[in-house]
Structures are given as C-alpha cells and as structure tokens.
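Visitor: One letter stands for each residue in the lines below.
2 protein chains.
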Amino acid sequence: MNLGIIGVGLIGGSIALDLKKSGLASRVLGADQLEETGEEAVRLGLIDECVSVDRLAVESDLIVAAIPVGALVQLLPDVLNRISPTCVVFDVGSTKKQICDALDQHPGRERFVAAHPLAGTENSGPRAAFTGLFAGKTNIICERNRSAADALARVEDVFSVLGMKTVYMDADEHDRHVAYVSHLSHVSSFLLGQTVLDIEKDERNIFELASTGFSSTVRLAKSSPDMWAPIFEQNARYLSQALLEYIMHLQKFHYHLVKGDVKELHQMMSSANEIRRVLDGIELKTKQQKEKTVTLNRV
Amino acid sequence: MNLGIIGVGLIGGSIALDLKKSGLASRVLGADQLEETGEEAVRLGLIDECVSVDRLAVESDLIVAAIPVGALVQLLPDVLNRISPTCVVFDVGSTKKQICDALDQHPGRERFVAAHPLAGTENSGPRAAFTGLFAGKTNIICERNRSAADALARVEDVFSVLGMKTVYMDADEHDRHVAYVSHLSHVSSFLLGQTVLDIEKDERNIFELASTGFSSTVRLAKSSPDMWAPIFEQNARYLSQALLEYIMHLQKFHYHLVKGDVKELHQMMSSANEIRRVLDGIELKTKQQKEKTVTLNRV
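Order-wise, the sequence lines are chains A and B.
Our numbering applies: residue 1 is where the first sequence begins, and numbers increase by one.
Our numbering applies: residue 300 is where the second sequence begins, and numbers increase by one.
Where hints are given, some of them may not hold.
[Unchecked claim] One side of the interface only, derived from the structure: several residues of chain A facing chain B at Cβ under 8 Å:
1. A148
2. A171
3. V196
4. L220
5. S240
6. H249
7. H254
8. M268
Because the hints were derived from the structure by calculation, they are not lab data.
Every residue, glycine too, gets a C-beta built ideally from N, C-alpha and C.
Same shape as in the complex, but just chain A (with noise of 0.2 Å):
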C-alpha cells in the first residue's frame, strides 16, 4: 500500500514510521509545505520520497493529512477532488467541527475519515517524530456514518497497528471536550510560563528553582504557536467558555486568599483531589454505584 504524508512533522512522521515498520505502508510519499522539511524526513527514513501533494494525491491509496488546522480546511477539499475512487483520506486535526462543516457538501465526503488522535509531545518537526508515539492512546473519530464503510475500517484499522483505542464521538462535541482537557491545558501553560518570565529578572534564581513541579505544569508552553493558533481560532467558542470558567476559578481562589480564609482554600484543594480518580480512570458511575450499594447495606 501506498502512504501518502501531507504534514511530515510530528504526528504525521511518527504515523509513517509505525505503519512502515508494521508492513501496513510498502512505499511513503510525503509532502510539506517547507521543501527543507520534506527533504529532512526523507534524510530521518520517515517517507521514502517528498513530493507535491498533487502527486502524493494522485499515487496514494490511504492519505495522512497532518498539517495545521486551518491549513485543514482550506486543502482537504481539493485533494480530496484528485484521489481516485479508492484512496482513504483521514486527518489528526485536534478541532472537528469546522473541518466537518468544510466537507459536508463535498461530493468525495464519503472517502474522509475526521479523526483525533490524542497524543503528541511539546516538540514539533521530522525531528521530533518517533515509533510508538501513539501506543496505549486514544482516538477520536467524529461523524463516521458520513464516512464509507470501508473507508471508515481502513482507517479504524490502522489507528488499531498505531495500538490506539477508538471512541466516537459528534464533531461538535468533541470540539466542547477537546477545549477543556487539551486546549485549555495549553493556554494555563503558555501563560503561566509567561507569568514567569515576566519576573525573571534574576535568571539564575529562576532556573535553579524550576523545580519539579514547575517544569511539568509548563511544560506544553513550548509548544507550536503555528500549530495551536489556529486550533484556538476554530475552537473559540469553547475555549473561551473553558477560560472564563477557569478565571472565576482562580478569582475565587485569590479572594480567600486575600481575605486569609485558609479553611476555604483547603476546601477548593480538597475538591479538586477529585481529579486523581479522573487521572486513574475511575468512572465516576461505577463509584457512585459501588457508594449506594454501601449506603443499601448499611440500611
């Protein structure tokens, strides 16, 4: 089979390198929008040969569309107008409404997948791309009755060698999910390392002290403005619901704070432990369950 690459970075690098070790991808055609970057994933043995997506459209029997968001919307049509009647077009874009709305009229529609798979680093480019990224993970693909029922297994499959779990889910809820457990994670991050950089007037104080827990909540401050721009611009509507939710969070906080209410401070704290059970996977019904079948025996 034929794998073609729109987007050799990241996401995409690493889906080329799991499907050709897997046997799943017998030749990799990428392309990207940068010719240095194309020729550094060949360089990296992540495609075998950077072409035009005209080309890679053309000679592919399953594209990976794995480009910024807003680049998405405006590519995705018109490749999806030059593939033959076979080929499977998916991409990993981390919104779904507005690329779903893009294609809902377009005749090819039923030759697209809208997928998300929910795994990534801070790190973009051919270089940050590795093997088993996507190991364990889960995957979101939006709108499947609108896909073939062919197209819809090629991609399922290989989202399955990529060793990732499928959920479906409505475009627009996924949009509503994605802005509090991804998106807004990356605004607090970036922001927060802002803060902090707005104080750094003694530097060596800083480093040192960029101790553990600092590190990780700031971690995704590094990530691409070219890549999370766009998301933010399409998943607006959310994200700003998420923010503003977030804001009266941390307002209340810093009035108790203020005011000297540690009691209330400790009781925010202690509500927001709840989010180990969530971490763990714990669903929230089995506990509930388990919590009335106490209190039943109890009676």
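Keeping the supplied structure of chain A fixed, place chain B upon it in accordance with the hints.
Guide: Chain B alone, transformed into the frame defined by chain A:
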C-alpha cells in the same frame, strides 16, 4: 549519629532513607502527630523507632523538621529549647520568612538552619517516600549567617549527601521566587483540575480524553491540601501578586481569542515559548552577552 525526623511523610521519610543508606545516620528516630503514621514508617523501614517529639529532641544529633509550615512555626521554638548544645535542627518548609521570623529572637537560633530542598511529588505520607528523591535537584538555605558555622556545615553536608546543589537566599527573596515557580503552578493546577471536574457530566469521555497534555498540567492538583493550605497562607502576599499577574495574562489572551485576533494569540504564545530557555537552564546573561557579541561583530 542519631537522626531525628519530625514528620515521617514523603520528604522526612525520603531523607531518612538516603541518610541511613549513606551511613551518615546510624539510628533514626521518628515522631509524627498520627501514631499510625509513625508505626507505618517503622514497618516500611524509614525509621528505627517512633518516639515523642520531646524524646526525639533530647536524643538526636541532627533533627529534620518535615511537617506543614504552619506546624513548623508552632513547634520549632519548643524543639530548639530542648536539644543538646551540639545538636543541629533544620526544616524543609516551602516558605521561609515566617519561620525565620518566628525564631529570630530565639536563644537557640544559631543551632537552626532554614532550608528548602526543591523536590517532591504529588503524593504524601510514608508510603510515598523513596531513595533518590533529591538527587540532582536544588536546595535553598536562607539566612545562612544566622546559623553557627558548624551547624551550617553539617546541614550543607547532608544536602550534598542527598545529591543536591545548595544555593543561598534571603528569606523574603525565597518566598517571592517560590510564589512564582512553585506555589503558582500548584494553584494553577488545582483550579485547572476543578474546571474540568465541573464539566464532568459524561465521565467516560473525560478520562478517555485525559491525554498527555492534560495529565501533566493537572498532576499537581492531586497534592495534599493539609500541606498546601498553610504554605499559601504564609506566602499570601507574593502568591497574590503572582496570581493577579497570571489572571491578567489569561484575560488578555481571552480578549484576543474572543476578538478573533489570531496574530496576537500567536504573538503571546511565541513570547511564552522563551520558557524553553529557562527550563533548559540557559542563563539570560549568557544569551544577551552572545547576542551583543554578534551585534558587535556585525558593526
């Protein structure tokens, strides 16, 4: 040497393990407010015997006070009253000003060293303790000239055995710096966790979406409120400043987001990307010096 650990949790327990392993401590006494915690620490091999604080103060050659900072202010004057003239006491609290102030006029002040090893995890209690927690990290000692030379040397030696590099700082300067690089990160994380919990209407989706980015930024939200509430209380002044600055940045970002000014969002993120240099520990002065040299060469 008899080592005394007041508070046998993550920090106290981990220090005990490393100092026993290194041979510096021949016998380790522990004291804890909760009897079962002390017994657990004995069972886990962190300490040899669980005793009262009074007995620990009398029988130890070196005492580590690893309890919440509110309790430190209460307990330390009394401990310093009871120790032998050659005994040395140091604390490991995340604030330094109020602790130093509480001991300022104490006749035993010179037997005390105010320390803050920048290490930890989001877990607490004896079972969270492990060897090597401190290796390669930074320790801060405040008001070094208020400690006797032999007391300071002994504590510096302890942190060197733990594998830490010690830096020296004014207590007030310490509190201001950690407000930004540690305390703010924790507040940010607690409330990010709460924001996500709030919209947790469909729990299944939330934890499936808890991908890499989210879990690292929210990790600190698991931290102990008992430990952090007194820290925030003692550092309210600087933490309030840091929080206001952070909220201001978030609001500015939100404004540009709602306005749809993607160029400004991009600019804010590019500026925050500079944090990479801080995390990599590259000094601003070195960088500025280099740029200056380049500029001069161009002229």
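Visitor: Out of the numbered hints, which ones does the structure contradict?
Guide: Violated: hints 1, 2.
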